[in-house]
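Its first residue numbered 1, the sequence shown is counted upward by one per residue in the working numbering.
Just so you know, the hints here were simulated from the structure itself, not pulled from any lab data.
Here the structure is a predicted model, which is why all the values come from computation and not from measurement.
Possibly wrong hints are sitting among the right ones.
Derived lysine-lysine pairs resembling DSSO-like cross-links, with alpha carbons at most 30 Å apart [to be verified]:
(1) K154 x K173
(2) K43 x K167
(3) K237 x K167
(4) K173 x K85
(5) K122 x K237
(6) K237 x K43
(7) K90 x K154
(8) K207 x K273
(9) K167 x K85
(10) K207 x K90
(11) K85 x K273
(12) K43 x K122
(13) K90 x K237
(14) K154 x K167
(15) K154 x K237
(16) K237 x K173
(17) K90 x K167
(18) K43 x K85
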Amino acid sequence: MTSELGPDHNIGGPALGVIWMMVGIAGSVVGLRIATQTFVTRKFGLSDVLILLSICTLAGMASLITVQYHYGWGRHYAYLTSIQKLNAIKYNVICQSFGVMGSTWGRLSFIVFMAQIFGTTKPRRIFLWALFWAQLLTNGVVVITLYVQCNNVKALWDFSIESYCWKSDVQTKIGYAHSTWNGFTDLILTILPAVVVWNLQMNMRLKLGVACLLSLSLFAFVGVIMKIVYLHALSEKDDYTYNTVPMFTWIIVEGTLVAIAASVPLLRPLINKVRPSARSSNTYELEKYGKYGNQISLTSNRVFSKLGSSSEAERQTDSSSAEGILPMQGVLASDRILKHTSYTVRISEPFDQALGGAGSAGLSSHSAEEKMWQR
Numbered sequence: 001m002t003s004e005l006g007p008d009h010n011i012g013g014p015a016l017g018v019i020w021m022m023v024g025i026a027g028s029v030v031g032l033r034i035a036t037q038t039f040v041t042r043k044f045g046l047s048d049v050l051i052l053l054s055i056c057t058l059a060g061m062a063s064l065i066t067v068q069y070h071y072g073w074g075r076h077y078a079y080l081t082s083i084q085k086l087n088a089i090k091y092n093v094i095c096q097s098f099g100v101m102g103s104t105w106g107r108l109s110f111i112v113f114m115a116q117i118f119g120t121t122k123p124r125r126i127f128l129w130a131l132f133w134a135q136l137l138t139n140g141v142v143v144i145t146l147y148v149q150c151n152n153v154k155a156l157w158d159f160s161i162e163s164y165c166w167k168s169d170v171q172t173k174i175g176y177a178h179s180t181w182n183g184f185t186d187l188i189l190t191i192l193p194a195v196v197v198w199n200l201q202m203n204m205r206l207k208l209g210v211a212c213l214l215s216l217s218l219f220a221f222v223g224v225i226m227k228i229v230y231l232h233a234l235s236e237k238d239d240y241t242y243n244t245v246p247m248f249t250w251i252i253v254e255g256t257l258v259a260i261a262a263s264v265p266l267l268r269p270l271i272n273k274v275r276p277s278a279r280s281s282n283t284y285e286l287e288k289y290g291k292y293g294n295q296i297s298l299t300s301n302r303v304f305s306k307l308g309s310s311s312e313a314e315r316q317t318d319s320s321s322a323e324g325i326l327p328m329q330g331v332l333a334s335d336r337i338l339k340h341t342s343y344t345v346r347i348s349e350p351f352d353q354a355l356g357g358a359g360s361a362g363l364s365s366h367s368a369e370e371k372m373w374q375r
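Produce the entire structure from the sequences given, and follow the hints as far as they go.
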């Protein structure tokens, strides 16, 4: 049998290098996101907790794969000793659940983020939160199925134990269904922001930039497709340690791409803080977002809806042309945006009173060149 397998070589080394490289890149991006949300925008919330769970779970999976590598992961199963076979398969089985939940936490984080900035209408909020719970429940069920395949869970890695187990192809079929569902979710998280942003009235270059930035889940979708290609390894237990190398590599790639896609859009405030010159009039902000992504300011009887605002926004208008790229909610009709062009004008209440309200009249919505577009 060993002669048919060829020489005893290990393909796990290069794969392990790719795995830790992707975890390192994703960990760095997530770290910058957490720093931004904690110290710059001070908006650390549920989405950030979930992305931390994601990167920690993926790092845990990478660690388990490293242990597998020590026991022969990447080598043909027939060349391993009995102890190596037992431990390699045991850690292989355990780390599969880490792979499922690693990408799941990342998708849940991105869904929460989408709900915060695009959940300006009740149907969108219901849809996004339904997607959130559907993702959590379906992937949770998949994790459970990983450990209930045999009456005695130890029989999953110790083949000397006699126990009733599902047919080997059952878990593969569950994997196909589970991966297809995750790929469909990635498509939703790619298309939704692109459609919403595309229908906003803004500069075309800005529109393309924001749409692309918020649609990075497309890369995670590619990762899911590649993982599906190698899922057949789940039913090929005769050479499990060798056949699961590509599959595990793509599971990590998929999960880290999800984490990166969910984090990159939130780094803009940090970039602006480090490089103030990067801020321009034709840009966007994701510095602060409220419960549903709207920021309301009642300065001079005007209402603004933006992706971001600063503490000075309540006291003075921006010094250049700007575009709010989120629909208003609760004050005006949904799916509308506000575009305003104004000069820097500081509001002084005593000054307004001294002029008998003339100052405030100069800041009225009629003189601010505000325009409304409805999609």
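Hints the structure fails to honour: 2, 5, 6, 10, 11 and 18
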